[in-house]
Structure formats: structure tokens, C-alpha cells
Amino acid sequence: MKIMVAVKRVVDYAVKIRVKPDKTGVETQNVKMSMNPFCEIALEEALRIRESGLASEVVAVSVGPAQCVDTLRTGLAMGADRGIHVEFKDGLNPLSVAKVLRALVEAEKPGLLILGKQAIDDDCNQTGQMLAGLLKWPQGTFASKVTLDKEKRVATVDREVDGGIETVLLDLPAVITTDLRLNQPRYATLPNIMKAKSKVIKKYTPEDLNVEIKSDLEVLQVTEPPKRKAGVVVSSVNELIDKLKNEARVI
Amino acid sequence: MKMDRWRASARRILKLSSRPNPAPRFTRDHSNPVRYGIVSSGLLHCSGGSCGGIRCYLGHKQSLSDHLQARAFALGASLIQIRCFGSIATKIQRNPKFATINSDDIRYFRDLLGEKNVKQDEDALLAANMDWMRKYKGSSKLLLLPRSTEEVSQILKYCNSRCLGVVPQGGNTGLVGGSVPVFDEVIVNLGSMNKVISFDEVSGILVSEAGCILESLVNFLDNKGFIMPLDLGAKGSCQIGGNVSTNAGGLRLLRYGSLHANVLGLEAVLANGDVLDMLGTLRKDNTGEGSLGIVTKVSILTPPKLSSVNVAFLACTDYLSCQKLFLEARRKLGEVLSAFEFLDEQAMDLALNHLEGVRNPLPTALHKFYVLIETTGSDEQSDKEKLEAFLVHSLEGGLISDGVVAQDIQQASSVWNIREGLPEALMKAGAVYKYDLSIPVEKIYDIVEEMRNKLGHSARVVAYGHLGDGNLHLNISCPQYDDAVLAQIEPFVYEWTSKNRGSISAEHGLGLMKAEKIFYSKSPAAVQLMASVKNLLDPNHILNPYKVLPQSLSFP
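Line by line, the protein sequences are chains P and H. For the first sequence, counting from 1, position 212 maps to 212 in full-length UniProt numbering; every step adds exactly one. For the second sequence, counting from 1, position 435 maps to 435 in full-length UniProt numbering; every step adds exactly one.
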């Protein structure tokens, strides 16, 4: 069985982001970019499934500008077998990415799709779900545990939901999106980094896949959240009541 | 003894300790005084002999503050090793010429600083009297928190006229007992002087007060696109004034040089209260932490923050390979190399067993040596290629047997945590004898092996350090402090270092721990000169008495 993992190149999780002066977005020049943490977890899960003998190949896919190749190289260094890069400069959105992935699924025919639950730059949490909808495949989102049964061709997924943990049984092929507690991604070891240099990354454009990338959404403005004001130490209960009544207006 | 109270408090500690601690590399915080008291003061009267079996309880007066979570304190079995100071303090006598504090003094300080900044209560004093390693404990009855240079000047002027001993204190993270009183010296803590005075965004020159915590300066500069030229594990608590006084080394010395190179100017207060303003005009040479004056302001040249940082963690089979790797790294990575640290198998074992949230990047085998390499540059792509090419070449050439390259900042921090968390891991493992030696690079591991042969099974010898600077941190870890073990270590380690033309204090300073040992590293003439300078600037010797220089020279 082939597993396809979609990975996204985003601003590194540990970077302090700043909004561009013209408020059109976040500053990404000269800022460290890395693989989205949830995508790393997705890739790690795929690799573990392959290592347990339940899959034969792990393919990493990324949609975006030319530098996405770096992210794919990281994926290959972690252990993915090959990579696919769909090049598109600017203006992607979850629905378009889902359509691109659908086209690739029709070409590659994987038995399982694993994605990160959301990207840390847009926090959309939509691509996995939309893709499952387009493919009409079952989905197990916010996975904190994945168990495959190859004979019965099903996957048991524990999902982290607001009320606790929900367990679902999915027929394969299916789409799984990963949550934080699923696993801890491995480091890229040197032998694997060396092997990655000879692994193949295939290039496509959206036109090759007959997908038109368009958006029905327009970003009007991006601003920073309002700065937290300093707290005030009050000296007596009366003063506290006064402030709650007249300044904060909550009583 | 009050066993029930002890059990209750131990249970509380365990409960607090099991709360998840987010702990990236930055939240190591020793600055907040932990509220604890020693249940019976009788415990401290150990007679200078073997301290086997002496334990201290953690009692508590009020609720333990949340900061007990800070991993600095041993948990689990909840018994902490506290060094028996008898063996140290009995060697030094309190010098009778120093006055003792009386109520007039207290009144003066209260008038000068305000009630809030004159601390005499047990809780505050307990933390300020004890060093981070919990090895040295003074008995000061007075802690002062000046808020300005003027206040520092008045304090010193007064103490000088009364001949009261003074200990300047910052974050109290020193490892040689240099920042805590030996007897009842007045503690002057600069933590309240924590303002950034100015920052020039073009030249990178930062002027700040001495009490600024290193990490807050790093965060301040981060917003402006600059970094501090030094980095140490204690960054969450150490203050810049202390760093400068000790001429702290740290992890970035390899790239940015020592503080000597980066400190452009200082404002300091001399023992007699005179304020020396040399901020930005001259370079001051402060050797002898806290013994020539109290630093109140610093002017530092900060390097621009470069965006591309790469960290690799490698395994080597022997020390010779580590050295060769360093030479190759210097040559192949050149100007982007910013750190080169090594740790041995024992150190790695300790880190994995005693640090929270740390996992082995190379789990497939336990290797004899580990090396951490960091590069910092401006071009992500080219730096990464450079590093990977260098590593692949080293792997093929047999210099390294395995390695990983961190793929994002989170992984880089995790790898650094292993190295930076070693002092803490050592503390949790029991008692530790710590030595900071500067040795010619090719000989660094010889002392480790000799020490292992000498000590056999009685103690565990752990080695790590800044291989790039020839700086070894030799740590001997045993379940309890034991004079028999100490006798095997000292003076052997000092003599060995001296014989091999090394320094017994590469970056930690001399403090109290090595006050009498300076002759191992400096000639008598050099020491005499230091004493003369000290006499010139602090004729009454009120600043940090009993430390840095041998007793015989201090009181002519």
C-alpha cells in the first residue's frame, strides 16, 4: 500500500512573527521557514506504518513556490521514499490545495492519505476535510492514535474532540489528519540525509493536473492583536469595586 | 524531627513537580527565591568530617511558591544534598576587623533605600545566602536592593566608613561561591536595577543597567534584530553585571569572542563609593569578580541577529576524532561556525536520566562522545548545504559514526537542551564536585581518564565543555559529598592542570572555591600585582572579602 503525505512550508513555529507595515500579511522575508509541525507528525506516522510492514512506500507532496523543495528534502531526509512538488507561486487556499491533491490521488492511487490537522500560518483546518469530501473517502481528523488492519482494510482512529476521545473505524482508502499527541517526529539522521540526495522529486504545475487555482476569498487586512494592557494593583476592596463598576463596567 | 510536616511538604513538592512544564530552553529560572526553611538548624553543625548520611529536610512555612516547579531542585526522592560547609568554613576565620551590623546601620539603609528594599527576613536571606549549587552558605543578616547607581554609591561609602564587608550579587548563578557571603557580609543585590538605558539600532550598541537578566536582554534585542554576544545555560537568571564582572564565557565565545572584546564601557562604583563612569569611553579590565567595584551599568556591542541557524548533533568514537572534527569544522565551515561543544557518554547518560523532556537524538547506540555543532549565517540555503556537505564528508572519512541535523528551531532547542541542561542534571543526580579547566585541546580528555582511573567505582566522572575554546567542565558526581573522594580529586586536578600549562578557572571565576588556588595558574608576580590593584581600589577590602585572592595577600 502506498501512503501519501501532504506537507506545507510555513514560518517556523518558534519565530516571533511580525505583521508587514502595509498590513497585507505576515513578514516572511528573512524569516526561518520549516515544515509545518503537524505535517511532520503526519510524515512520522506514515514512516512508522511503513516500518511496521503495513505499507510499501511513502510519498511526500507539497504545493507551493520553488522553495517547497527544501521542505520536501527534509521529508525525504526523515525517510520518505520520493517527493512530488506542485509549483504555484502565490495565492493558495485549502480548497485549491485539496483539488490539486485529488488530482494527484487519481494519478498515484495511494491507499491512505495523511495530512496535518492544520497549518500554523493560516490555522484553517480545512484541507483534509475538503479533500475527503472531494474524494468521497472516509476521514478521521485530529488523530491521536492510528491502528491499521491490513487484512480487513480498515483503520481505527482515536480522535481528540472537545468532549474527550472518540474512536472511529474507517474503511480504506481514507484521509487521516494528525493532532499533536499522535507521535514525536524523528530527527533527520546523516545517513538518511545522504540517501535523500538521490531520491526523486517530481515536478508538476496545476495546469498539468487540470486544476484551476482560484479563491473566493479576499484578504482585506492583517493586524496584530491588541496589546495587553498592564494590570493595576488596587489598594482596597472599595477601589476594586469602584474600578469594576466604572472602568471595566462589569458590575 | 517533625516527620509529618516533612512528609506533607514532600508530597506537595512531588505534586507540584508533576505539573507539565513547557520548558523550552528558556524557562530555566533560578531567580525567584524558593520559600523553604531548614527544619532543624542543628543539622548544620557537622563537624567537618565525613558528611555521609547528613540530609536536609525541606520544610515550609507558607505555601510553596509555584517557582518550586523550576527544575533546579531535586524531586523524586525529595531529599536534597546540601554540602557540609564545615570543611570549607573552618579553614577561613572571620576577619575581626570587619564590623558587625547594628541597628544604626539598619536605620541608615532604611532611610536611604526605603523599607521595602532592606531585607532582613529569613526567607529572602536564605535564598540570597546560598549559591545555586547549594554548596556555599553564608550567614548574612542583611540584603539590600538598591535601585540606582547613586544608592549603590551611598551604600558602599557607608560600608567603607564602617568597615562592613559587602558581597555584590546579581542572579546568584555562579558556580564557585563568588556571589554569596562567607560570613555576615552585607549582600548588595542589583536585581532592581534592570532598565535598558539605550540602544542604537545602527551600531548595535546597547547600554543597560547591571541588573538586567541576560534572557530579557536577548528578548529585547530579538525584536530589533540583534543578539547578545554571549549565551549561557543560566540565561534565565544571570544578570549582565555579574557576567561582565566574571568575564563570563559561555556557548558563543567561539564566534564572538569573550566579553572583553564586546564590552565597550562600564559604569562602576568603587569600594569607597566613588562612581567611575567609563561608559563607552574606555575598556575596563575587570578580573576578580566583585572585588574591585560594583558594576552598575554596561555598554555592550551586540552583533546583528542572523537568520540562518543550523544545529547538528554528532557521535564520535574517540576523543581524537572530536579534535580532528573540530579542525575540519574550523576549516570547512569557517566563518559560519558559532559553537562547538562536546560531551561524553557519562554526560549523555546523565542528561537522559535526569532531565525532563529530553530524548536521545541518536537512540540506536550509546556512543562514547557526542559533539554539538552550530552554524549561524545569513543564507539558509548555502549554510545548510555547507554543513551537510561537511558532515557527509566527515561521515565518509570516519570522523563521525552517526549524527542528526535539526530540521527546525524546536529540534535545535531540544538538542541544545541536552548540553545546557547538564549542570542541572548533575545537581539532580546527587553531589557534584565541579571543575572548570582551560587545557590545551589535545590533552583535555587525558585528565578525565586519569580521574576515572583514580576514582574507580567511588564516583562518576562526567566531562563536557567548549572544545572549541579548550575549556573542559570536569564534574565528579557521587551520591553524597565525601571528603575521601575530595581528597582524591584535590589537589591532584589543580596540580595536573598547572603542570600542563592550563588554567584552573577558564570562565567560572575564582570565587571562594578557588581563592587559595590562584598560584596554580598565575605566577606569584602576577598575583602580587592583582593584590596591589585590589589594595589601590579597595583599601579596606570590604568588597567580596575572602574570595578570589589568597587570604595571606588580602590583609597585609
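Think of the hints as simulated: they come from the structure by calculation, not from any bench. Idealized CB from N, CA, C, for every residue including glycine. Warning: the hint list may mix true and false statements.
[Unchecked claim] Among the chain H residues that face chain P by a calculated CB cut under 7 Å, a handful are: (1) Leu355; (2) Val358; (3) Pro361; (4) Ala365; (5) Glu388; (6) Leu395; (7) Val405; (8) Gln407; (9) Gln410.
Results for each hint:
Given hint, Leu355 (chain H) at the interface with chain P, is violated; its Cβ is 16 Å from that chain's nearest Cβ, farther than 7 Å. Because the beta carbon of Val358 (chain H) sits about 12 Å from the nearest beta carbon in chain P, more than 7 Å, this interface hint is broken. Proximity of Pro361 (chain H) to chain P holds as hinted, the smallest CB-CB distance being about 5 Å (cut-off 7 Å). At a threshold of 7 Å, the smallest CB-CB gap from Ala365 (chain H) to chain P is about 12 Å, leaving the interface hint violated.
With its C-beta approaching chain P no nearer than about 6 Å, Glu388 (chain H) sits inside the 7 Å limit, and its interface hint holds. For Leu395 (chain H), the shortest C-beta to C-beta distance to chain P is roughly 5 Å, which falls under 7 Å, so the interface hint holds. For the restraint placing Val405 (chain H) at the interface with chain P, the shortest Cβ-Cβ distance is roughly 6 Å, inside the 7 Å limit, so the hint holds. Nearest Cβ of chain P to the Cβ of Gln407 (chain H): about 5 Å, under the 7 Å cut. The hint holds.
Below 7 Å, beta-carbon pairs count as interface contacts, and Gln410 (chain H) has one with chain P at about 6 Å; its hint therefore holds.
Hints 1, 2, 4 from the list above are not met by this structure, while the remaining hints are.
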